[in-house]
Amino acid sequence: MALEKGFPQIIMAELSLEEVKKVATLAHLRFSTEEMEIMRGGLAQILGHIDRLSELDTENVPPTSHAHKTENVFREDETSDRFQKGNLLENAPASDQNYYSVPRVIE
Amino acid sequence: MTDFSYRTITSLSEMLAKKEVSATELAESALDRIDRLNPDINAFIRSDREKALQGAAEADKRLSAGEKGTLLGIPIGLKDLIAVKDGITTCGSKMLENYRSPYNAFVADRLIKAGAVIVGKANMDEFAMGSSNENSAFGPCKNPWDTSAVAGGSSGGSAAAVSAGFCPATLGSDTGGSIRQPAALCGVVGLKPTYGRVSRFGLIAFASSLDQIGPMTHTVEDSATMLQAVAGHDPMDSTSVDIPVPNYADSLKKDVKGMVIGLPKEYFIEGTDPEIVSVVRDAAARLEKEGAKIEEVSLPHTEYAVPVYYVIAPAEASSNLSRYDGVKYGYRSGNGDNLAEMYINTRTEGFGPEVKRRIMLGTYALSSGYYDAYYLKAMKVRTLITNDFTEAFKKCDIILTPTSPTPAFNIGEKSNDPLQMYLSDIFTISANLAGIPGISVPAGFSSVNCRPIAIQMLAKHWDESALFTAASAFEKLRDPEISTKRAITD
Chain C
-3 MALEKGFPQI
7 IMAELSLEEV
17 KKVATLAHLR
27 FSTEEMEIMR
37 GGLAQILGHI
47 DRLSELDTEN
57 VPPTSHAHKT
67 ENVFREDETS
77 DRFQKGNLLE
87 NAPASDQNYY
97 SVPRVIE
Chain R
235 MTDFSYRTIT
245 SLSEMLAKKE
255 VSATELAESA
265 LDRIDRLNPD
275 INAFIRSDRE
285 KALQGAAEAD
295 KRLSAGEKGT
305 LLGIPIGLKD
315 LIAVKDGITT
325 CGSKMLENYR
335 SPYNAFVADR
345 LIKAGAVIVG
355 KANMDEFAMG
365 SSNENSAFGP
375 CKNPWDTSAV
385 AGGSSGGSAA
395 AVSAGFCPAT
405 LGSDTGGSIR
415 QPAALCGVVG
425 LKPTYGRVSR
435 FGLIAFASSL
445 DQIGPMTHTV
455 EDSATMLQAV
465 AGHDPMDSTS
475 VDIPVPNYAD
485 SLKKDVKGMV
495 IGLPKEYFIE
505 GTDPEIVSVV
515 RDAAARLEKE
525 GAKIEEVSLP
535 HTEYAVPVYY
545 VIAPAEASSN
555 LSRYDGVKYG
565 YRSGNGDNLA
575 EMYINTRTEG
585 FGPEVKRRIM
595 LGTYALSSGY
605 YDAYYLKAMK
615 VRTLITNDFT
625 EAFKKCDIIL
635 TPTSPTPAFN
645 IGEKSNDPLQ
655 MYLSDIFTIS
665 ANLAGIPGIS
675 VPAGFSSVNC
685 RPIAIQMLAK
695 HWDESALFTA
705 ASAFEKLRDP
715 EISTKRAITD
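If you read the protein sequences in the order shown, they are chains C and R. So the first sequence is residues -3 to 103, counted in our numbering. So the second sequence is residues 235 to 724, counted in our numbering.
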């Protein structure tokens, strides 16, 4: 059995710095100018690889979102005492009595 | 004192039953070894001596009361994204550096009830994103065979802990090869069960439609023992499927006579280490001699698996990781005087570079205008990849492939080239997309540097039994040196 053709060639996708900035805003992340450029390069390389999917005709192919076709899984809507409020609040970076505390939202 | 490192669960369990050793002695021996060697290997992020010894004392009580159980008193490790109540679960991230889970993961609960003693939480790539364990916020885990090499990832710590003889078994998680690839690089057995076989309740989520928990062990028999202990339906995970779990010990007694083993031509590609290719072909030849039939099969969409994965996994991750906002748990930035600024600063300071890259990739793929071209397209090609397996399994019972295209690479070798790093999962990713089970079994050593080489076996959904049959048959057929050679001799 001969070896099949090898690892894929690297093709960079076109991706502008503006687009990267927009995605960073959506993702609630901030990058320095230098980090942004590194991010752009990395994403362009990976997206270039992903663009190979367009070679395939998938017009009549149904999408798979899950490995098993599980229908809705129902259970009784009952409360349980698995979690106690106090235990959960112990992990909070800041809490006030029985509430999570966050920085001011409205000026 | 007797050396218990590198003993299997089966062997230790017999010793415990015969009272040749106590669970406390086993735990102490494991903890001492961890204290001595972990600073070099960094397989465990944390090891709680006091808690482990408490668990061991409890196991000893149960043993003296006459209780029996294969895992009763056995030291184990858990990848540090499996929640254990009251201890810290970091997920390899600064974001969860101080996170104390208020509950046990389903698998942790099962193992604790079975009497296993947790001796450490294993190192991993941050949020399970990586193939080398270099993305851990707690430093890279090193390969016990050669500390200049990576342990693989993302379950590098779980693989290295077994390979270094810290404990006979660990649990890892596998989203695109994160159990099988480090198992291959560290010379241990790594199993990714069928998606839905093991509950993900208490597993910190990366890509929910792909993540699956599985064992890493010295032997296939121990792998079967561990799966038996953690498999089964859990109402807390609606994707864990309610079907009977077979007795896996039975599958170890079967032979491979008449079993059809498929070799997919798309997995024998240029760019794979030629020694690995020959090890896989040699494995096929050995199994054939034992009565298995070898068939060439085709999985035509294999080359699209990595691109599909790098849309779907980051897309799911970007959604799953949106919960890290500094409000309910985890890291919160002290910078920023309003809520929106706090969110951004928390995420910017709390996540490492690879996690940010994946969040960006996923956010891009899901953003308006790109959803159809990337996410929907990838979900459709996922169907094609799954159909390839359905077709191939009409012709064979098991598919035999390499696990990784190369043996362990050097630390730093691929860390600045994300695509090359992603391609180290080229042979493992398809199984996650299709949801089928896969096992990696040690099969040799590279001639240069003597680093482990492994084969991978894949089976139909729910047919872990076939994997155990074929893998344990191969274990007996391979070069005996592979079973006896140890990463750390002392």
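Please keep in mind that the hints were generated in silico from the structure rather than gathered at the bench. Only a predicted model underlies this, so the values are computations on that prediction, with no experimental measurement involved. Errors might be hidden in some of the hints.
To be verified - In silico DSS-like links for lysine-lysine, alpha-carbon gap of 25 Å or less:
#, chain 1, residue 1, chain 2, residue 2
1, R, LYS328, R, LYS347
2, R, LYS562, R, LYS491
3, R, LYS253, R, LYS302
4, R, LYS614, C, LYS65
5, R, LYS527, R, LYS629
6, R, LYS302, R, LYS328
7, R, LYS319, C, LYS81
8, R, LYS347, R, LYS253
9, R, LYS253, R, LYS527
10, R, LYS527, R, LYS499
11, R, LYS628, R, LYS523
12, R, LYS328, C, LYS65
13, R, LYS328, R, LYS629
14, C, LYS81, R, LYS710
15, R, LYS527, C, LYS65
Does the structure break any of the earlier hints, and which numbers would those be? 1, 2, 6, 9, 12, 13, 14, 15
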